[in-house]
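Place chains B and W with the ligands on chain H using the hints.
Residue numbers (the working numbering), protein chains in the order written: chain H, 1 to 478; chain B, 1 to 486; chain W, 1 to 96.
These aren't lab readings, by the way, just hints derived from the structure by calculation.
From a predicted model like this one, the values you see are computed outputs, not experimental measurements.
For every residue, glycine included, the Cβ atom is placed at its ideal position computed from N, Cα and C.
One should not assume that every hint holds.
Stretches of chain H that chain B covers, calculated by requiring three or more beta carbons in the stretch to come under 8 Å of a beta carbon on chain B [as the list claims (entries may be wrong)]:
(1) 43 to 55
(2) 342 to 348
Here are some chain W residues the structure puts well away from chain H; computed CB gaps all over 10 Å [claimed, not checked]:
(3) H55
(4) D65
(5) D66
(6) P68
(7) T73
Below, computed lysine-lysine pairings styled on DSS-like, alpha-carbon distance capped at 25 Å [unchecked claim]:
(8) H:K188 - W:K93
(9) W:K44 - H:K74
(10) W:K44 - H:K214
(11) B:K415 - W:K25
(12) W:K25 - B:K266
(13) B:K19 - B:K99
(14) W:K25 - H:K131
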Amino acid sequence: MIGLEVHVQIKTCSKVFTRVATGYGEPPNTLTDPVVLGLPGALPVMNKAALDASIKAGLLLGCEIAPVCKWDRKNYFYPDSPKNYQISQYDQPICLGGSVEIELPGAARNLMGEHRQVALTRIHLEEDVGKLNHGATDSLIDFNRAGTPLMEIVSEPVMHSAEEAFAYLTSLRATMIYGGISDCDMEKGQLRCDANISIRPVGQTTLGTKVELKNLNSISYVSAGIAHEIKRQIGVLERGGTIVQETRDFDGTTGTSQSLRSKEMAHDYRYFPDPDLMPVKIDASWQDRLRADCPELPFPKQRRFLERYQIPFTLASVLIWDRGLADYFEETARLCGKPQMAGNWIVNDLLRELGASGQTLAQSKVRPSHLAALVQLVDSGAVLTNAAKEIFIAMFASGETPGAIAERSGLKAAPADTGELEQWCRDAITASPKALAEFKAGKDSAINAFKGPVMKAAKGKANPKLVDETLRRLLAQM
Amino acid sequence: MADLIYQPITQLAAALDAKQISAVELTQAVIARTKAVNGRLNAFNSFDEADALAQAGASDARRAAGQGRGALDGIPVGLKDVIAVQGQPLTASSRMLAKFVSPYDATVTQQLKRAGAVLWGRLNCDEFAMGSSTENSAFGPAVNPWDLTRVPGGSSGGSAAALAAGTTVATLGSDTGGSIRQPAAFCGLVGLKPTYGLVSRFGLVAFASSLDQIGPFARTVEDAAIVLGAIAGHDERDSTSYRATIPNYRAELGGRRGPWKLGIPKEYFAAGLDPEIGAAVERAIAFYRSQGCEVKPVSLPHTQYCLDTYYIIATAEASSNLARYDGIRYGHRAAQASDLVDLYARSRAEGFGAEVKRRIILGTYVLSSGYYDAYYLRAQKVRTLIREDFLRAYQEVDALLTPTSPIPAFKIGEKSDPLAMYLCDIYTIGVNLAGLPALSVPCGFTSGGLPIGMQLIGQPFNESGLLAIAQAYERAHDWHTRHPSL
Amino acid sequence: MSQPTEFNIDHVAQLARLALTPTEKAQFAQQLGDVLHHIEQLGKVDVSSVEPAAHAFAVYNVWADDIPQPGLTVDAALQNAPAQRDHMIVVPKVVE
Ligand SMILES: [Mg+2]
Ligand SMILES: [Zn+2]
Chain H
1 MIGLEVHVQI KTCSKVFTRV ATGYGEPPNT LTDPVVLGLP GALPVMNKAA
51 LDASIKAGLL LGCEIAPVCK WDRKNYFYPD SPKNYQISQY DQPICLGGSV
101 EIELPGAARN LMGEHRQVAL TRIHLEEDVG KLNHGATDSL IDFNRAGTPL
151 MEIVSEPVMH SAEEAFAYLT SLRATMIYGG ISDCDMEKGQ LRCDANISIR
201 PVGQTTLGTK VELKNLNSIS YVSAGIAHEI KRQIGVLERG GTIVQETRDF
251 DGTTGTSQSL RSKEMAHDYR YFPDPDLMPV KIDASWQDRL RADCPELPFP
301 KQRRFLERYQ IPFTLASVLI WDRGLADYFE ETARLCGKPQ MAGNWIVNDL
351 LRELGASGQT LAQSKVRPSH LAALVQLVDS GAVLTNAAKE IFIAMFASGE
401 TPGAIAERSG LKAAPADTGE LEQWCRDAIT ASPKALAEFK AGKDSAINAF
451 KGPVMKAAKG KANPKLVDET LRRLLAQM
Chain B
1 MADLIYQPIT QLAAALDAKQ ISAVELTQAV IARTKAVNGR LNAFNSFDEA
51 DALAQAGASD ARRAAGQGRG ALDGIPVGLK DVIAVQGQPL TASSRMLAKF
101 VSPYDATVTQ QLKRAGAVLW GRLNCDEFAM GSSTENSAFG PAVNPWDLTR
151 VPGGSSGGSA AALAAGTTVA TLGSDTGGSI RQPAAFCGLV GLKPTYGLVS
201 RFGLVAFASS LDQIGPFART VEDAAIVLGA IAGHDERDST SYRATIPNYR
251 AELGGRRGPW KLGIPKEYFA AGLDPEIGAA VERAIAFYRS QGCEVKPVSL
301 PHTQYCLDTY YIIATAEASS NLARYDGIRY GHRAAQASDL VDLYARSRAE
351 GFGAEVKRRI ILGTYVLSSG YYDAYYLRAQ KVRTLIREDF LRAYQEVDAL
401 LTPTSPIPAF KIGEKSDPLA MYLCDIYTIG VNLAGLPALS VPCGFTSGGL
451 PIGMQLIGQP FNESGLLAIA QAYERAHDWH TRHPSL
Chain W
1 MSQPTEFNID HVAQLARLAL TPTEKAQFAQ QLGDVLHHIE QLGKVDVSSV
51 EPAAHAFAVY NVWADDIPQP GLTVDAALQN APAQRDHMIV VPKVVE
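Here chain H stands alone, though its shape is the one from the complex (with noise of 0.2 Å):
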């Protein structure tokens, strides 16, 4: 069974006990104060923010947001601590229990897997710790990072694979980016992950013993480190070993992993509260403030898509992990009235061209109304989807209105003269006797014959709805 452990970095301005700024990739040193680099006489005071963002992340995963909360000391030696004590919270922290719900892999890709909640522990607040450099002979320290405003999510040993865990962290860094809460960015860090892992043999109804995975610090690593102390723990059991409760450390260039310190030494840490710092009362005022500001999570929204646009789950399943895409979605697939086509234009043009130009999607020029315009374009037939493929390229590098782009370049589907295109469709039905009859018997379908003919004979310019209906148009008089 797998139990998570994430840290997320809140993004406030300031640190969590003390009001210099927070930041990722300053010059070492540069963002602390008494109080970061616990110099004498210095004393903490909380962050408002960090608060908040906890009481959010805790509603938008369903916990219990604790009436009173407090803070204690966590108290071991460690040069990145500051004050050899981290502030945490211990016996009673600020959310509990709670879950974050997983989707796992469909049996096709597309195809809806199976959704899970997945129990959550408990959530408390604490404060980061610098960051060590380690050299060939020494240790540097840098403690800008230290005080940084960090929630410890804590789930259930409730997973049973990696690819669980993947979806867990999948979810839950989603949630954290939609709260607003936490960008999440494992390579600045704003994510961190450990594991608890311990294996389960068939037929074995208690848990095995308890190793820690640490430094799982992206999310592949998370699934390839969790794969990889499974199998470890199998063969230590299979070659007749025991599995020794300890810590270990992944290293996802190489794929293996390390004993760091057996947990026999186990810490203690001496918790007391902090006498320097108040407990937080959270009354049912603070919560509703904050509710009203949380945001539809990823997994509700893809029910709701599937639902409201019928949109297909390949498309749904690209949509939700991105609040401002789906967002823009909404707003395209209201202005066209296509949800569809408004989807396919976003997954697989759009974000192709974003990806190729390395732009966000607040960057890109192409607003959903210009989005929405062209879908109309190709329904109504004014535009050809091979000549609207190019029209969004040039859009995306300009911002001008699709429309101003057909005219200017010729890209309007051609010919208003109808004589001509009567003259082209007759050519058609007359050349293929045989769809005539199919057609005449009641197969629909053989009207298609026809259309290459007369497409052919337009040079590719042809408005398709007006091709189908004076095709219809003729074959009713034969």
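Just chains B and W with the ligands now, with coordinates in the frame of chain H:
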């Protein structure tokens, strides 16, 4: 003005306003006095003459420009060496911080600077404020000006000795279990421990966070009210700071006349009380009675548990507060260490003195796995009972009157047993556990010429009432006008 | 209450990161044994229905708004550092 060095703030401020003296002259007098006597007293860990004279010059310039900042402008005030002053040493009388220079000001430091005070000297104390005699200083014990063979009390012994010897006009100390009141009593001064939360702790080197409080030493009650007025008030950098408007303590003194209802807790007059101190306090009680005050016996039944409760809570908090002194970011770092764990253990072993180590060990133990409930949690519950004792008494009386210390200043080296030393604090620690304001005011001398102090314990945040009760006594007695011959 | 005899000075000194000499260990063990013996009497107090007091005055929700303020310069931050390089604090190599 004759004998500048023993004048109270009130007199000196009047002289400064009347241009009879200048702040520079006053500061020079204090510097000269310090240089003359500190070799015998060891009350100062360090001082910065040039800096003090510059501050005094700035004060004179303000007054000359009609921009004087009030009673403290130009008045030398000494700070216990546990209060941060930007650019000045902050040693906590520890080898650990012997070379530490603070990059920031404590809130009280900023408040005193704003009031125009001339910050003068870093005053000796027990290491990290742990002790009752100032013998636990890494820089040698401070000495009692009334008897150079005796301790000035502690832990703010330097703050008391410096003021009693006329090397400054007022001082700040910190009081975790009596560390202002007991040295005030030993040195014949007024010493006030404010209500917990009234004065910001930001920039005070923490000993026991839930008990520590900064307060003034002064020659008179009115002086104490002036200094308190400067340093009291809400500070957004201290989460335990009290949110309320602060009265003008000095102005309120005049308006409060009593009579008051005074409670005499019988547990504070038990065995172990020096008879001369007991008699002096009885005379003070008789005085209040003669002034129309109602004096009644009260009981604080959990008094016998104060010492144990205190030593559990104080050492537990200290063990955590002092973990930051590890030789990594600042402070003493051991020269020869084989690895990181060794570096911690050696730096701390070399940097801390015996009493600090003892308390860290005790505090670590009472918090350690399996003992938390039996010690720390239980002590916190008993703390509740101790506080309730006081609050119950305040339903009947305005303030409590007790001896400050069971004994007068003792000989240097006399109390080598830690437990015997801890017992010196039995009358003062209950106040810290309950978070109450209390002061010590001179109430006599022993036959051997040692000062005696009595303690008045007030209701939460009613410092005005407490000061008024003390001043009523002070006005009718002249103990505070006597000075040691040095 | 726990018996003072359980007081393991080596273990506690290790937790507290204090390298004590044998003399200090013997002395502290004896002195703290006395103190712990004195403390035993707290066990007599009936605290069954008493709330613990973490603070002298219970106040809730003391916080500040999330508005950054200037901190220390690098020089001020490192002015007391026993060893530094590249604007960082140097410590013996940390091996977990
Ligand atoms: Mg954890
Ligand atoms: Zn954590």
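Against the earlier hints, flag every one the structure doesn't satisfy and list their numbers going up.
Numbers 2, 3, 4, 5, 6, 7, 9, 10, 12, 13, 14, in rising order.
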